[in-house]
Amino acid sequence: MVAYVARRLAGAAAVVYLVVTISFFMVRLMPGNAVSALEASLRSQGGMTPQEIQQQVSEIYGVMPHSPVWRQYLSYIGNVARGDLGRSVLNPSESVAHIILGALPWTIFLVGTALMISFVLGTALGAAMAMFRTSRLCQLVSFIASVASAVPNYLVAIVLLYELADMHRFFPVSGAYSVNVRPGWSLAFIGSVLYHGVLPISAYVVTSFGGWALAMKGSSVSCLEAEYVRVAKAWGLSDWRVTRSYVGRNSMLPMVTMLALSLGFMVGGSVFVETYFSYPGIGYYLIQAVNSRDYSVMMGCFMLITVAVVLANLFVDLFYPLVDPRIARPRGGRASVPGALPVPGKGAQGPGSLVGVEA
Amino acid sequence: MRRALRDLWRICRSDKAALAGGLVVVLYLLVAVLGPYLASPGGLQSPANANLGPSLQHPLGTDPLGHDVFASIVVGTRPVMLVGVLAAGITVFIGVAVGLLSGYLGGLVDAALMRVVDIFLTIPGLPLIIVIAAIVHTTSPVVLAVVLSVTAWAGLARAVRSQALSLREAEFVEAARVQGLPLGQIIVRQLLPNVGPYVAIHFLLDVTGAIYAEVGLFLLGVAPITGTNWGEMINSAMSEGALYSSSSVVYLLSPMAAIVVLQVAFVFFARALDTLFNPRLRSQ
Chain A
1 MVAYVARRLA
11 GAAAVVYLVV
21 TISFFMVRLM
31 PGNAVSALEA
41 SLRSQGGMTP
51 QEIQQQVSEI
61 YGVMPHSPVW
71 RQYLSYIGNV
81 ARGDLGRSVL
91 NPSESVAHII
101 LGALPWTIFL
111 VGTALMISFV
121 LGTALGAAMA
131 MFRTSRLCQL
141 VSFIASVASA
151 VPNYLVAIVL
161 LYELADMHRF
171 FPVSGAYSVN
181 VRPGWSLAFI
191 GSVLYHGVLP
201 ISAYVVTSFG
211 GWALAMKGSS
221 VSCLEAEYVR
231 VAKAWGLSDW
241 RVTRSYVGRN
251 SMLPMVTMLA
261 LSLGFMVGGS
271 VFVETYFSYP
281 GIGYYLIQAV
291 NSRDYSVMMG
301 CFMLITVAVV
311 LANLFVDLFY
321 PLVDPRIARP
331 RGGRASVPGA
341 LPVPGKGAQG
351 PGSLVGVEA
Chain B
1001 MRRALRDLWR
1011 ICRSDKAALA
1021 GGLVVVLYLL
1031 VAVLGPYLAS
1041 PGGLQSPANA
1051 NLGPSLQHPL
1061 GTDPLGHDVF
1071 ASIVVGTRPV
1081 MLVGVLAAGI
1091 TVFIGVAVGL
1101 LSGYLGGLVD
1111 AALMRVVDIF
1121 LTIPGLPLII
1131 VIAAIVHTTS
1141 PVVLAVVLSV
1151 TAWAGLARAV
1161 RSQALSLREA
1171 EFVEAARVQG
1181 LPLGQIIVRQ
1191 LLPNVGPYVA
1201 IHFLLDVTGA
1211 IYAEVGLFLL
1221 GVAPITGTNW
1231 GEMINSAMSE
1241 GALYSSSSVV
1251 YLLSPMAAIV
1261 VLQVAFVFFA
1271 RALDTLFNPR
1281 LRSQ
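Chains A and B are the protein sequences, given in the same order. Numbering follows the working numbering, in which position 133 of the first sequence is assigned residue number 133; successive positions increment by one, without gaps. The working numbering runs 1000 ahead of the 1-based position in the second sequence.
In case anyone wonders, no lab produced these hints; they're calculated from the structure. Treat the hints with caution; some may be incorrect.
[To be verified] Among chain A residues calculated to face chain B with C-beta under 7 Å, some are:
no. : residue
1   : V147
2   : V151
3   : V229
4   : G264
5   : V267
6   : Q288
7   : T306
Note that the structure is predicted; figures quoted are calculated from it, not measured. A virtual CB, placed ideally from N, CA and C, is assigned to each residue, including glycine.
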């Protein structure tokens, strides 16, 4: 168990370190990179001595432009470790950490709620489909689920925005809460936040419940046909007991694995969903920064998104032994989705395929 | 090969959705190849033609610059499909190479490669793609395809590795090893054909993943615009205020419909291949 936790922690630390390194190289060493671009633009504005320019650049990006690369790298890592992500290029009086930390809770709220809703909805639907897998209704639901999971989330966001916010004004067009309420733990504020969250969350749920339903169906069907289930039935165990302890628990295992994998995809999707709904989350700021060439905010958003996903993954990993105690034993591996096709990020599509059995 | 095609036809006949999916994919491929010869959206801007509704001359109306929307969609198919297929090709190549090497060699190589795969599986793909695209700012389809496949290969590598792990113990691989065949030949001749079907399905789904991300990049205006494509059409429709007027809604919705139809078709076609290569499913 200790070895398992240590291994997961080390893995998470390695990813974070790698991402910080990637960020450094992208900001500093790419041809036409952000640091020299900023230097050039400051120089062309005039009125600054070279020392002042260097000072300004190092405040924004946290590296002195003309010191040796290894020293820049070390100071960059040191800054990031202390939580100093530099300052915004457009607005040097604001620190990047301040901007993006204010945005993070909104993204966690959207993605977390959407993930929970689509997970519960999808797995319940999938389990029901497995129970009644020969009925017409199941085929119809399965068809709808495949179509819904193939539609890109940004298109759903645009359609929702067009139909329900612009044309009919059922829901607000932008923002996380109404300008008329003061943020705080008041009923009005919470109501406003939920009201503003409905459309963005729906855009996620519509496009992701199908993947969960299909994966859960595949997983439950293969459990239902397993020998141990037949044996349990032959013993005369009650239907409820068989469903809950033999089918339910085993078919949920791969779903927990998928939970970790789909997190990255959901957070990635926030780039589109938040941009279209002008929702002040981290994906919205990432795109704003990209479009205004504010590279320090951009890299800050990227690092924070990655760290959030890594931590969430770590959480799932540490939680997993509770669901499946075998995993923490030596040579254990996460369960794979039995007989489901992994679609990049979208979870599984279609019931069953040849691969998916971890050796 | 002939038998596989016959089986595919049999499966498609019984599964109408798969048949429709396959036909649509073929149609899109044809349009991608022939598109620029079939239609032209009209090069000149003409205010007199702007924002027309659907008519016989313009089946989907015209955009705010007076270009024919249907023709734009036809012409825009090629760049979208090209980058999608290229990116899926790169993804599959790297994924299969890493997976087979890792699974077949085992030991330290396997451990090291799988750590790398774990890292790429954890990094959220889309934000990384957006950041790289914003910095590289490429107009070349090949570079864009490379950027799009930057994390996608990891999932495939994982799956192929577990296949290779079990193939390594198979007798025919053992025989090849005993005969002293070089590593490259064992991997290409003995292992590759056995993961082929899985890779084919993965390729199709990778195309949809790449198109999702690619259109997204153009949609957000992150990738520089290099000509007509669907993402750019939606982007300009949005910035022309298509959301606030019903006159240009066809202009906004038609490229979206083109994407949705393609994505759904790919998924259903992939399902037919899945059934073909996985006889266990056919009995169900």
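Right, here's what the structure says about each hint:
1. V147: holds (5 Å)
2. V151: Where the cut-off is 7 Å and the nearest Cβ of chain B is about 5 Å from V151/A, the hint holds.
3. V229: violated (16 Å)
4. G264: holds (4 Å)
5. V267: Since the shortest Cβ distance to chain B is 5 Å, the answer is holds.
6. Q288: violated (10 Å)
7. T306: holds (6 Å)
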